[in-house]
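Participant: All chains should be modelled from the sequences, with the hints used to inform the complete structure.
Numbering of the sequence shown is given in the working numbering, commencing with residue 1 and proceeding in unit increments.
Mixed in with the good hints there might be a few duds.
Straight-line C-alpha distance at most 30 Å; calculated BS3-like pairs for lysine-lysine [claimed, not checked]: (1) Lys102 <-> Lys23; (2) Lys23 <-> Lys228; (3) Lys181 <-> Lys23; (4) Lys229 <-> Lys73; (5) Lys90 <-> Lys153; (6) Lys23 <-> Lys73; (7) Lys229 <-> Lys23; (8) Lys90 <-> Lys181; (9) Lys153 <-> Lys181; (10) Lys102 <-> Lys228; (11) Lys181 <-> Lys228; (12) Lys181 <-> Lys157; (13) Lys90 <-> Lys73; (14) Lys157 <-> Lys229; (15) Lys73 <-> Lys102; (16) Lys229 <-> Lys181; (17) Lys229 <-> Lys153; (18) Lys102 <-> Lys90; (19) Lys157 <-> Lys102.
Each pair of labels, with its calculated beta carbon distance range [unchecked claim]: (20) Asn142 <-> Asp9: 46 to 52 Å; (21) Asp195 <-> Ser84: 21 to 27 Å; (22) Thr2 <-> Lys157: 31 to 37 Å; (23) Gln231 <-> Pro56: 33 to 39 Å; (24) Lys153 <-> Ser36: 52 to 58 Å; (25) Tyr208 <-> Gln231: 14 to 20 Å; (26) Gly149 <-> Ile44: 22 to 28 Å; (27) Ser203 <-> Ala111: 20 to 26 Å; (28) Val196 <-> Thr22: 41 to 47 Å; (29) Pro56 <-> Thr132: 40 to 46 Å; (30) Leu42 <-> Asp210: 38 to 44 Å; (31) Arg200 <-> Leu42: 44 to 50 Å; (32) Ser36 <-> Ile89: 36 to 42 Å; (33) Leu110 <-> His218: 40 to 46 Å.
Since the hints were made in silico from the structure, they are not lab data. Here a beta-carbon is modelled for each residue, glycine too, at the ideal position from N, C-alpha and C.
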Amino acid sequence: MTTILLIEDDPTIRLTTEFSLTKHGYAVSSCDDGQSGYETALSIEPDLVLLDVMLPGMNGFEVARNLRNEGFKSPILMLTALDSDEDKIKGLDAGADDYVTKPFSTEVLLARIRANLRRTELDGVNTSTPQTFGDLTLDMENSSAAINGTTLKLRSKELQLLFALAEREGMLCRRTWLTQKVWKEDYLSTSRTIDVHIRRLRSVLDEYSDYRFIHTVHGMGYRFEPIKKTQE
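Facilitator: The structure is reproduced here in structure tokens:
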């Protein structure tokens, strides 16, 4: 059973989130302060950590940074009411893999959890196996993408960009990371190129799919996450 450590000092959020996660088949441990959360994470080594930022004592940024310094590898999802770009960047730089802004719906939280767990499971998996995201199938071995069986006509760099985004499903893909991953060049020389490719990718995907896949994280980059258009 997948284990999740919830570090949250608000008793209402902690209890309702723990109930929802347990209901969906996760084994949940919880702590209400940063120090005990940090110690528990190192002790039980959960598959994923849900980490509040505004904690008594050691705050969430410090917990994430200290865990990473200890070699903690599991995904860390920040739960935060701090929604400025500066705060998000601070959390990601501290070692968080993703963030969920409060207030959040249970459905969004569960989707982010699944995406981050799936990302962990896919590390080291043979890329010859086609991966499915909603109605989109990506075949990295054969460099192809299809929606409901229809092969998409994408240029080489567009496919590489799509594969890179999907590789980090549900997580922030910074523009600098995408540049190095796809173009192997300096970000400043390719920033407009990324915009052009993203616009075309969205256009092609939107034409054939019932999902939206590429979401802008303003001031930071992009996130790949299949969300049905009817749910927007």
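Participant: The structure should be examined with respect to each hint, and the outcome stated for every one.
Facilitator: Quick rundown of the hints versus the structure:
1. The hinted pair formed by lysine 102 and lysine 23 meets the criterion: a straight-line CA distance of about 21 Å does not exceed 30 Å.
2. Distance hint between lysine 23 and lysine 228 is fulfilled; the C-alpha atoms sit about 24 Å from each other, no more than 30 Å.
3. Between lysine 181 and lysine 23 the CA atoms are separated by roughly 38 Å; this puts the pair beyond 30 Å, and the hint is violated.
4. Between the alpha carbons of lysine 229 and lysine 73 the distance comes to roughly 34 Å, so the proposed pair goes past 30 Å and is violated.
5. The straight-line distance between the Cα atoms of lysine 90 and lysine 153 is roughly 38 Å, outside the 30 Å bound, and the hint therefore fails.
6. The straight-line distance between the Cα atoms of lysine 23 and lysine 73 is roughly 26 Å, inside the 30 Å bound, and the hint therefore holds.
7. Straight-line distance between C-alpha atoms of lysine 229 and lysine 23 comes to about 27 Å, which keeps the hinted pair within the 30 Å bound.
8. Using a Cα cut-off of 30 Å, the hinted pair lysine 90 and lysine 181 holds, with the two alpha carbons roughly 22 Å apart.
9. About 21 Å separates the Cα atoms of lysine 153 and lysine 181, which keeps this hinted pair within 30 Å; it holds.
10. Taking the CA atoms of lysine 102 and lysine 228, the gap is about 22 Å. The hint holds against a cut of 30 Å.
11. For the suggested pair lysine 181 and lysine 228, the alpha carbons sit about 28 Å apart, so the restraint of at most 30 Å is met.
12. With a C-alpha separation of about 11 Å, the suggested pairing of lysine 181 with lysine 157 holds against the 30 Å cut-off.
13. Only pairs whose Cα atoms come within 30 Å are accepted, and lysine 90 paired with lysine 73 is accepted, the gap being roughly 19 Å.
14. Distance check on the hinted pair: lysine 157 and lysine 229 sit about 26 Å apart at the alpha-carbon level, within 30 Å; holds.
15. Only pairs whose Cα atoms come within 30 Å are accepted, and lysine 73 paired with lysine 102 is accepted, the gap being roughly 25 Å.
16. Annotation: proposed proximity of lysine 229 to lysine 181 holds, straight-line Cα distance about 29 Å (limit 30 Å).
17. Of the pairs offered as hints, the one joining lysine 229 and lysine 153 holds, with about 22 Å between alpha carbons and a cut-off of 30 Å not exceeded.
18. Under the criterion of a C-alpha separation no larger than 30 Å, the hint pairing lysine 102 with lysine 90 is consistent with the structure, at around 17 Å.
19. Of the pairs offered as hints, the one joining lysine 157 and lysine 102 is violated, with about 36 Å between alpha carbons and a cut-off of 30 Å exceeded.
20. Checked against the hint of 46 to 52 Å, the pair asparagine 142 and aspartate 9 passes, with Cβ atoms roughly 49 Å apart.
21. One distance hint, 21 to 27 Å for the beta-carbon pair aspartate 195 and serine 84, holds here, with the actual separation near 23 Å.
22. Roughly 36 Å separates the CB atoms of threonine 2 and lysine 157, a value that falls within the hinted 31 to 37 Å.
23. Hint check: glutamine 231 to proline 56, Cβ distance near 36 Å, so the stated range 33 to 39 Å holds.
24. For the pair lysine 153 and serine 36, the supplied restraint of 52 to 58 Å holds, since their beta-carbon distance comes to about 54 Å.
25. For the pair tyrosine 208 and glutamine 231, the beta carbons lie near 18 Å from each other, so the given range of 14 to 20 Å is met.
26. A beta carbon spacing of about 44 Å between glycine 149 and isoleucine 44 contradicts the range 22 to 28 Å that was offered as a hint.
27. For the pair serine 203 and alanine 111, the supplied restraint of 20 to 26 Å holds, since their beta-carbon distance comes to about 24 Å.
28. Separated by about 46 Å at the C-beta atoms, valine 196 and threonine 22 satisfy the suggested range of 41 to 47 Å.
29. Range check, proline 56 to threonine 132: about 43 Å between beta-carbon atoms, so the 40 to 46 Å window is met.
30. A hinted range of 38 to 44 Å for the beta carbons of leucine 42 and aspartate 210 is consistent with their spacing of about 43 Å.
31. In this structure the supplied range 44 to 50 Å holds for arginine 200 paired with leucine 42, their Cβ-Cβ distance being about 45 Å.
32. Taking 36 to 42 Å as the suggested C-beta distance range, the pair serine 36 and isoleucine 89 does not conform, at roughly 27 Å.
33. As the Cβ distance of leucine 110 to histidine 218 is approximately 24 Å, the hint placing it in 40 to 46 Å is violated.
The structure is inconsistent with the numbered hints 3, 4, 5, 19, 26, 32, 33, although it conforms to all the rest.
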